[in-house]
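Undergrad: Spelled out from the first residue to the last, the chains are:
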Amino acid sequence: MERDREESVDLAQISLRPLQLSDVDDLMVWTTDEKVPKFCTWEPYSSKDQGIDFIQNKACEFLWSRAICLHDRAIGFILMTSCSATDQSREKSVELGYVLGSKYWSKGIMTYVVKQVKKVAFREFPHLERLEALVDAENVGSQRVLEKAGFHREGVLRKYLFFKGKSRDMVIFSVLSTDLNHQD
Amino acid sequence: MERDREESVDLAQISLRPLQLSDVDDLMVWTTDEKVPKFCTWEPYSSKDQGIDFIQNKACEFLWSRAICLNDSAIGFISMTSSSVTDKSRGKSVELGYVLGSKYWSKGIMTYVVKQVKKVAFREFPHLERLEALVDAENVGSQRVLEKAGFHREGVLRKYLFFKGKSRDMVIFSVLSTDLNHQD
Numbered sequence: 007m008e009r010d011r012e013e014s015v016d017l018a019q020i021s022l023r024p025l026q027l028s029d030v031d032d033l034m035v036w037t038t039d040e041k042v043p044k045f046c047t048w049e050p051y052s053s054k055d056q057g058i059d060f061i062q063n064k065a066c067e068f069l070w071s072r073a074i075c076l077h078d079r080a081i082g083f084i085l086m087t088s089c090s091a092t093d094q095s096r097e098k099s100v101e102l103g104y105v106l107g108s109k110y111w112s113k114g115i116m117t118y119v120v121k122q123v124k125k126v127a128f129r130e131f132p133h134l135e136r137l138e139a140l141v142d143a144e145n146v147g148s149q150r151v152l153e154k155a156g157f158h159r160e161g162v163l164r165k166y167l168f169f170k171g172k173s174r175d176m177v178i179f180s181v182l183s184t185d186l187n188h189q190d
Numbered sequence: 159m160e161r162d163r164e165e166s167v168d169l170a171q172i173s174l175r176p177l178q179l180s181d182v183d184d185l186m187v188w189t190t191d192e193k194v195p196k197f198c199t200w201e202p203y204s205s206k207d208q209g210i211d212f213i214q215n216k217a218c219e220f221l222w223s224r225a226i227c228l229n230d231s232a233i234g235f236i237s238m239t240s241s242s243v244t245d246k247s248r249g250k251s252v253e254l255g256y257v258l259g260s261k262y263w264s265k266g267i268m269t270y271v272v273k274q275v276k277k278v279a280f281r282e283f284p285h286l287e288r289l290e291a292l293v294d295a296e297n298v299g300s301q302r303v304l305e306k307a308g309f310h311r312e313g314v315l316r317k318y319l320f321f322k323g324k325s326r327d328m329v330i331f332s333v334l335s336t337d338l339n340h341q342d
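Protein sequence lines correspond, in order, to chains A and B. Counting in my numbering, the first sequence runs from 7 upward without gaps. Counting in my numbering, the second sequence runs from 159 upward without gaps.
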């Protein structure tokens with residue numbers, strides 16, 4: 007068994023804060039790792055310029071986002087996107103997205119973070135009614151994160167997305183503001 | 159029993175053709191009927207100008223659309239919208255929408271039309287992989303149309319849309335190009 011996997015992480019050392027330019031080297035660790043964007047629309051980064059561009063120009067375009075930090079070092083990223091860019095009738099919905107360095111998978115970190123962000127979402131956006139997430143049907147690990155974090159699995163949207171040359175079945179999850187009153 | 163409901167329609171008299179300005183009076187019949195847009199984002203029309211505006215300026219914005227005609231008079235409208243306006247990864251999906259004058263409900267007309275349009279969609283758009291439709295969870299009649307027309311019910315998206323002052327649960331249906339090979 008690899009030593010990395012035996013190292014558990016003290017979740018009290020996990021924090022969220024805005025992504026900064028000084029995080030670029032840490033960001034390059036997960037953005038250049040092929041395993042990480044396997045189910046994402048983006049390809050692994052090949053140049054630090056892409057990392058700088060993301061931090062300076064892309065990260066700010068999200069409705070909300072934070073670096074996921076361990077001892078204040080960025081090990082991943084979590085974001086929320088408004089669903090109403092082109093459709094006003096989606097204005098009470100927000101989509102969640104997240105990414106974590108593969109060294110930190112399977113330690114409960116992402117579930118811990120998503121549980122917190124779930125509460126932050128409805129607090130920061132009081133008119134928000136629905137927080138949703140779409141996960142590739144083959145990405146079982148990420149589906150487990152959402153289930154453990156209290157999201158409802160609503161169904162499988164067949165061939166919903168097409169990227170990297172193939173159509174993907176996407177599992178759609180949601181948590182409603184009204185769900186939160188009945189959860190931890 | 160109302161005489162209208164006893165009048166069955168000879169489906170051979172149902173045809174599809176582009177909507178024309180000369181259809182405006184027929185269009186006003188279903189657009190001013192409160193029952194018709196009950197589950198739609200739009201309000202019943204109150205002026206013929208709205209009907210003219212729809213035919214001249216709005217109908218052409220759809221990826222594809224047709225008037226649903228009985229003996230060549232328009233009794234409804236069916237349309238397809240590209241799902242990829244802002245999201246390239248939705249480039250192989252198209253959304254179906256339709257409306258029919260209430261006098262013509264429950265006669266099998268919409269099911270007959272949707273079955274045809276399902277085949278037209280994959281023929282007209284050879285790269286299309288997914289044809290989907292979203293129906294209000296309370297709109298049982300429209301859900302029946304899609305089920306009878308061979309669409310798969312994938313799940314209920316809770317509080318997915320917000321319009322006319324309330325959030326709506328939407329049932330999502332789809333038919334894939336690969337489904338068609340196994341259907342009538």
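Note that these hints are calculated values from the structure, not bench results. Worth double-checking, as some hints may not be accurate.
Distance condition first, Cα-Cα at most 25 Å in a straight line; then the derived PhoX-like pairs of lysine-lysine [what the hints assert, rightly or not]:
{"#": "1", "chain 1": "B", "residue 1": "246", "chain 2": "A", "residue 2": "64"}
{"#": "2", "chain 1": "A", "residue 1": "154", "chain 2": "B", "residue 2": "317"}
{"#": "3", "chain 1": "A", "residue 1": "98", "chain 2": "B", "residue 2": "277"}
{"#": "4", "chain 1": "A", "residue 1": "172", "chain 2": "B", "residue 2": "277"}
{"#": "5", "chain 1": "B", "residue 1": "277", "chain 2": "A", "residue 2": "44"}
Undergrad: All hints, please: hold or fail.
TA: Hint-by-hint comparison with the structure:
Distance hint between residue 246/B and residue 64/A is fulfilled; the C-alpha atoms sit about 17 Å from each other, no more than 25 Å. Between residue 154/A and residue 317/B, the direct Cα distance comes to roughly 21 Å. Compliance with the 25 Å bound is thereby established for this hinted pair. A threshold of 25 Å between alpha carbons decides the hint, and for residue 98/A with residue 277/B the separation of about 34 Å lies outside it, so the pair is violated. Annotation: proposed proximity of residue 172/A to residue 277/B holds, straight-line Cα distance about 23 Å (limit 25 Å).
With a CA separation close to 34 Å, the supplied pair residue 277/B and residue 44/A exceeds the 25 Å bound.
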